[in-house]
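Starting from the known structure of chain A, fit chain B onto it as the hints suggest.
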Amino acid sequence: MTDSSMALAVEQVCVALGGRRVLRDVSFCLEAGEFCGLIGSNGSGKTTLLRAILGFVRLEAGRIRLAEQSTGTGLIGYVPQKIALDPGLPLRARDVVALGLDGARLGPALPSRARTARVDEMLQAVGALEFAEQRVGLLSGGQQQRVLVAHALVRRPRLLLLDEPLANLDVRSTAEIVALLRRLSREYGAAVLLSAHDMNPLLPAMDRVVYLANGSAVAGRADEVVRTEVLSSLYGYHVDVVRVHGRVVVVAAEASEQIHAAVAHNPEHTTAVP
Amino acid sequence: MFAAFMAHAWIVATMVAIVAGAVGFFVVARRAAFAAHALPLGAFPGAAAASLLGVSQLLGLAVFSVLGVVAIARLQRGERREVASALWLALSLALGTLLLGFSGQYVQSIYGLLFGEVLGISRGQLEGVAALGVVALSLLVLFARPLLLESLSGDLAAAAVGRSPRLEWVFLGILALSTAIAVPVVGALLVFSLMVGPASAARAFTDRPWRSLAVSVALAVGTAWAAIALSYLSNWPVGFFVGVLSAACYVAGRLCGRGIVAQAA
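So the protein sequences, as listed, match chains A and B. When we follow this note's numbering, the leftmost residue of the first sequence carries the number 16, and every step to the right adds one. When we follow this note's numbering, the leftmost residue of the second sequence carries the number 404, and every step to the right adds one.
In isolation and in its complexed conformation, chain A is listed as follows:
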């Protein structure tokens, strides 16, 4: 891959937390504008991998390279897992996006037309303009997720990381957020890496998938990775990738080995079920 289009390169990364090996030889690359699902069950290392990319976790081995930043763009956009927005905090959706723009700067925020315009543009892009003046802690889960995406993208980062942004969303909001992220990643030329325990809402949108199991990963296009022989080799025991009613389910061959079921919408059946 040429370095100019590279957004993220994870190279043989190993991470140990509290003496336990959490990530083992994880490697994959993302190009600008690519939409990538980070799929795995709870405890497979998804959050640790995202935190390692952010630089919050020390690498035991390997390295992580990011695209070179042009001036004026933020490093990495990040939407953390299960963020609880305090409904008591006097903060409008618009203020959250403004904090994404320059919240780490010292000194008072001087109102400027350019700043307001940039916040408005971002609110518009995520479809949050209509509730921009409302208190963010009182918005619905789907609305909050849009505001957090705007917060993460307003500095125009080359890479956007989202940790389980679809958890606790209803089916309709899930489809809307996925479509929104797919569109924004193309418009802004940002690579999106989105973790989920359930890959099905992502399959129509994903350019690429990183599938994590027990700290090991296999990466590639979804049709290359979500296959019986590939996932069996990753898990270390036999699993079947079964297509049922236009969906994909990954099931363990032995009943004692309960792994998560990853159910996928067939692209022909992407209409949201209310």
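Calculated from the structure, these hints are not laboratory results. Keep in mind it's a predicted model, so treat the numbers as computed, not measured. Cβ atoms here follow ideal geometry from the backbone N, Cα and C, with glycine treated the same way. Incorrect hints may appear among the rest.
Label-pair distances were calculated between CB atoms; the ranges are [what the hints assert, rightly or not]:
(1) B:V537 - A:R120: 20 to 26 Å
(2) A:E26 - B:R657: 51 to 57 Å
(3) A:L125 - B:A629: 32 to 38 Å
(4) B:E530 - A:L125: 27 to 33 Å
(5) A:G34 - B:A533: 52 to 58 Å
(6) A:A99 - B:W613: 20 to 26 Å
(7) A:G34 - B:G523: 55 to 61 Å
(8) A:I98 - B:G457: 50 to 56 Å
(9) A:A182 - B:A629: 46 to 52 Å
(10) A:I98 - B:R477: 23 to 29 Å
(11) B:T417 - A:I98: 37 to 43 Å
(12) A:R120 - B:W572: 43 to 49 Å
(13) A:A99 - B:A621: 25 to 31 Å
(14) A:N57 - B:W572: 32 to 38 Å
Under 7 Å between C-beta atoms, here's a sample of chain A residues computed to sit facing chain B [to be verified]:
(15) I98
(16) R107
(17) L114
(18) R150
(19) G152
The following block gives chain B in isolation, referenced to the frame of chain A:
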């Protein structure tokens, strides 16, 4: 009540209320009310020690506030902030008991430290309060945005700078400064009421963060002025009115806040 001997009281109470109202906004946003209680109360043995040694009370309060910051910030790495605050509080109150035991003649000044002595403020104290107040407010203005971002989410604040921003030290430092100036005036027991009452009420009156901070300052100043006036008229202690009016602010905010939540739902 506007006689010359009252002038210092009005001025110092206004300055303390401005600082308490502004710092209180972040105390409530960061859910640090207990730390805001433990730091002033934990600083009071410092003033007792200063009296014993014959040095400035403000110095003693400042030293113990800083010790409190270090203790709470270090302890909360392994424990939650409430636990760290409680440990510091227990330790410093034990020390305060010991210092009180050394001297029986400081009862009056100890009473002043716990409940405040707004009428007994000297010219020198006034200048000290003004200087430290300016420092505390400057730090607050400087770190306002990062502190607000961290109140929203520690992870978001860390992602914005690529590492943990270590703002807890800054925040506790500002809290300690405000403590040192407010304790001689409103007392160690009541500092936190002036910080928490107006600030929590202010959250209910507006959705805008900086406007909410301004409302908090206004309510704190109003509380302090009303407390002095009522105390002058009734001859009851100032601290009584500070505590009651702060609590009234909080209740008004809760009632009003419920209205806002109901509208949104």
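Outcome of the hint check:
1. B:V537 - A:R120: 20 to 26 Å: For A:R120 against B:V537, whose Cβ atoms are near 22 Å apart, the range 20 to 26 Å holds.
2. A:E26 - B:R657: 51 to 57 Å: The hinted range 51 to 57 Å holds for A:E26 and B:R657, with Cβ atoms some 54 Å apart.
3. A:L125 - B:A629: 32 to 38 Å: At roughly 34 Å between Cβ atoms, B:A629 and A:L125 fall inside 32 to 38 Å, so the hint holds.
4. B:E530 - A:L125: 27 to 33 Å: Holds, since B:E530 and A:L125 (Cβ atoms, about 32 Å apart) stay within the stated range.
5. A:G34 - B:A533: 52 to 58 Å: Since A:G34 and B:A533 have Cβ atoms about 54 Å apart, the given range 52 to 58 Å holds.
6. A:A99 - B:W613: 20 to 26 Å: Roughly 23 Å apart at Cβ, these two residues keep to the hinted range, so it holds.
7. A:G34 - B:G523: 55 to 61 Å: holds (59 Å)
8. A:I98 - B:G457: 50 to 56 Å: holds (53 Å)
9. A:A182 - B:A629: 46 to 52 Å: holds (48 Å)
10. A:I98 - B:R477: 23 to 29 Å: With a Cβ separation near 27 Å, A:I98 and B:R477 satisfy 23 to 29 Å, so the hint holds.
11. B:T417 - A:I98: 37 to 43 Å: 39 Å Cβ-Cβ, so the 37 to 43 Å window holds.
12. A:R120 - B:W572: 43 to 49 Å: violated (19 Å)
13. A:A99 - B:A621: 25 to 31 Å: For A:A99 and B:A621 the Cβ distance comes to about 30 Å; the hint holds.
14. A:N57 - B:W572: 32 to 38 Å: holds (34 Å)
15. I98: holds (5 Å)
16. R107: holds (5 Å)
17. L114: holds (5 Å)
18. R150: holds (4 Å)
19. G152: With Cβ-Cβ at 10 Å, over 7 Å, it is violated.
In terms of the numbered hints stated before, the structure departs from hints 12 and 19, listed from lowest to highest.
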